[in-house]
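So the protein sequences, as listed, match chains A, B and C. Here the first sequence is numbered in our numbering, starting from 9 and rising by one per residue. Here the second sequence is numbered in our numbering, starting from 17 and rising by one per residue. Here the third sequence is numbered in our numbering, starting from 8 and rising by one per residue.
Do not take every clue at face value.
Each computed DMTMM-like pair below joins lysine to aspartate or glutamate, with the alpha-carbon atoms no more than 25 Å apart [claimed, not checked]:
#1 B:109 x A:135
#2 C:87 x A:111
#3 B:109 x C:36
#4 C:33 x B:45
#5 C:87 x B:45
#6 C:87 x A:135
#7 A:166 x A:145
#8 B:109 x A:145
#9 A:136 x A:155
Residues of chain A placed beyond 12 Å of chain B at every Cβ, according to the derived structure [claimed, not checked]:
#10 16
#11 38
#12 40
#13 70
#14 81
#15 82
#16 90
#17 109
#18 148
#19 155
#20 165
Because the hints were derived from the structure by calculation, they are not lab data. These numbers come from a predicted model, not from an experiment. Built from N, CA and C at the ideal position, the CB exists for glycine as well.
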Amino acid sequence: MRRLLPHPLLTVSLAILWLLLVNQLSAGHVVLGALLGWLIPFATSPFWPEQIRIRHPLALMHYLGIFVIDIVRGSFLVAWLILRGPARLRPAFVQVPLVLRTDLAISLLANTISLTPGTVSAHLAADKRTLIVHTIDTGDAEALVAEIKQRYEAPLKKIFEEED
Amino acid sequence: MIDILLSLLILTGAIFTFIGSLGLARLRDFYTRLHGPTKATTLGVGCLLIASALFFSVRDEGVSLHEVLVTLFLFITAPVSAHLLAKAALHLKLRSLTPTLKEGDDTPAHL
Amino acid sequence: MLSIVIPIAFALVSLAFLLSFWRLLKGPDAPDRILALDTLYVNTIALLVLLGIHLGSALYFEAALLIAMMGFVGTVALCKYLLRGDIIE
Numbered sequence: 009m010r011r012l013l014p015h016p017l018l019t020v021s022l023a024i025l026w027l028l029l030v031n032q033l034s035a036g037h038v039v040l041g042a043l044l045g046w047l048i049p050f051a052t053s054p055f056w057p058e059q060i061r062i063r064h065p066l067a068l069m070h071y072l073g074i075f076v077i078d079i080v081r082g083s084f085l086v087a088w089l090i091l092r093g094p095a096r097l098r099p100a101f102v103q104v105p106l107v108l109r110t111d112l113a114i115s116l117l118a119n120t121i122s123l124t125p126g127t128v129s130a131h132l133a134a135d136k137r138t139l140i141v142h143t144i145d146t147g148d149a150e151a152l153v154a155e156i157k158q159r160y161e162a163p164l165k166k167i168f169e170e171e172d
Numbered sequence: 017m018i019d020i021l022l023s024l025l026i027l028t029g030a031i032f033t034f035i036g037s038l039g040l041a042r043l044r045d046f047y048t049r050l051h052g053p054t055k056a057t058t059l060g061v062g063c064l065l066i067a068s069a070l071f072f073s074v075r076d077e078g079v080s081l082h083e084v085l086v087t088l089f090l091f092i093t094a095p096v097s098a099h100l101l102a103k104a105a106l107h108l109k110l111r112s113l114t115p116t117l118k119e120g121d122d123t124p125a126h127l
Numbered sequence: 008m009l010s011i012v013i014p015i016a017f018a019l020v021s022l023a024f025l026l027s028f029w030r031l032l033k034g035p036d037a038p039d040r041i042l043a044l045d046t047l048y049v050n051t052i053a054l055l056v057l058l059g060i061h062l063g064s065a066l067y068f069e070a071a072l073l074i075a076m077m078g079f080v081g082t083v084a085l086c087k088y089l090l091r092g093d094i095i096e
């Protein structure tokens, strides 16, 4: 099983991507999508050494919900700050100490930070223990770090890294 | 009804796209300029793409979802480009309005 | 309704295009120009999508997808160049 189907999640997403790309749902394309979804992970498996395991699918759904809401919230906030003008911005760099350890979880956290209100992840320290984040307008850097850790990092830890 | 929804989506999308570029032109240092295109423009184009998917689904009386691909792609790549750009700017030690990182911190000199 | 909204949207996106282009010319530093170029790509996608709705043709989608991919690869390559002075190591 493991050798025949190395990455089931990747297979499913590739099949869905194929159906979206051809933009039609016919039996032939479902089969072709499934075939591609099986062949591509099989041929490229040396590049995917890690197994991705989602330990809490429900928590992932909840996280995606928060993520979508925060993208909209973040865009409105940035739009308002741009319209208000550059004079009253209080930009700052803050350092977020990480408890996440896997590459996947860290990259997801960095991407989330970049898309959510007022923050862009700027640099990951070489030892992968701190993330440097630029924020466009903040009064309280410590509260911001606490919010990032509690709102995004804790759920990601639970979804991808928690021991069974 | 669908017309009003479409118009709203198109207008919101265009306004956000415009504001993103306005931020790019108007703000004063590179790091704050980074925020406009990353968030506002991405959401703006996302809105336009959803409007397009809706438009073609209604017109051709079939589901047209391939716009979702571009939307997904943009939402995945925008933060990656932003991260790389910020990293490059830190590497080049660009002037910023922010109190920069203190000495002894993990400054990105040894990338 | 749509026939009023689409020209307005075209005007807004074209203005966005001009603003990004201004930043591309003005700089002042390399990352500013790359960011402006990246924004120009995204603005082009917006224009193409609007054109697709306006002309009622789904063909423009392929162009938008290609520009999205090429734009991302281009931005990453340019950033790599700034970071390392080299693109392929």
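Quick rundown of the hints versus the structure:
1. B:109 x A:135: 21 Å, holds
2. C:87 x A:111: 20 Å, holds
3. B:109 x C:36: 11 Å, holds
4. C:33 x B:45: Holds - the C-alpha atoms of residue 45 (chain B) and residue 33 (chain C) are around 13 Å apart, at most 25 Å.
5. C:87 x B:45: 21 Å, holds
6. C:87 x A:135: 20 Å, holds
7. A:166 x A:145: Measuring from Cα to Cα gives roughly 29 Å; hence the hint is violated.
8. B:109 x A:145: This hinted pair holds, its Cα atoms lying about 21 Å apart.
9. A:136 x A:155: Satisfied, since the Cα-Cα distance of roughly 20 Å is no more than 25 Å.
10. 16: Nearest chain B Cβ is 20 Å from residue 16 (chain A), so the label holds.
11. 38: 15 Å, holds
12. 40: 16 Å, holds
13. 70: 19 Å, holds
14. 81: Not fine: 10 Å to the nearest Cβ puts residue 81 (chain A) too close to chain B.
15. 82: 5 Å, violated
16. 90: 4 Å, violated
17. 109: Residue 109 (chain A) clear of chain B: closest Cβ-Cβ about 17 Å, beyond 12 Å.
18. 148: The claim holds: residue 148 (chain A) sits with its nearest Cβ about 15 Å from chain B, beyond 12 Å.
19. 155: 17 Å, holds
20. 165: 19 Å, holds
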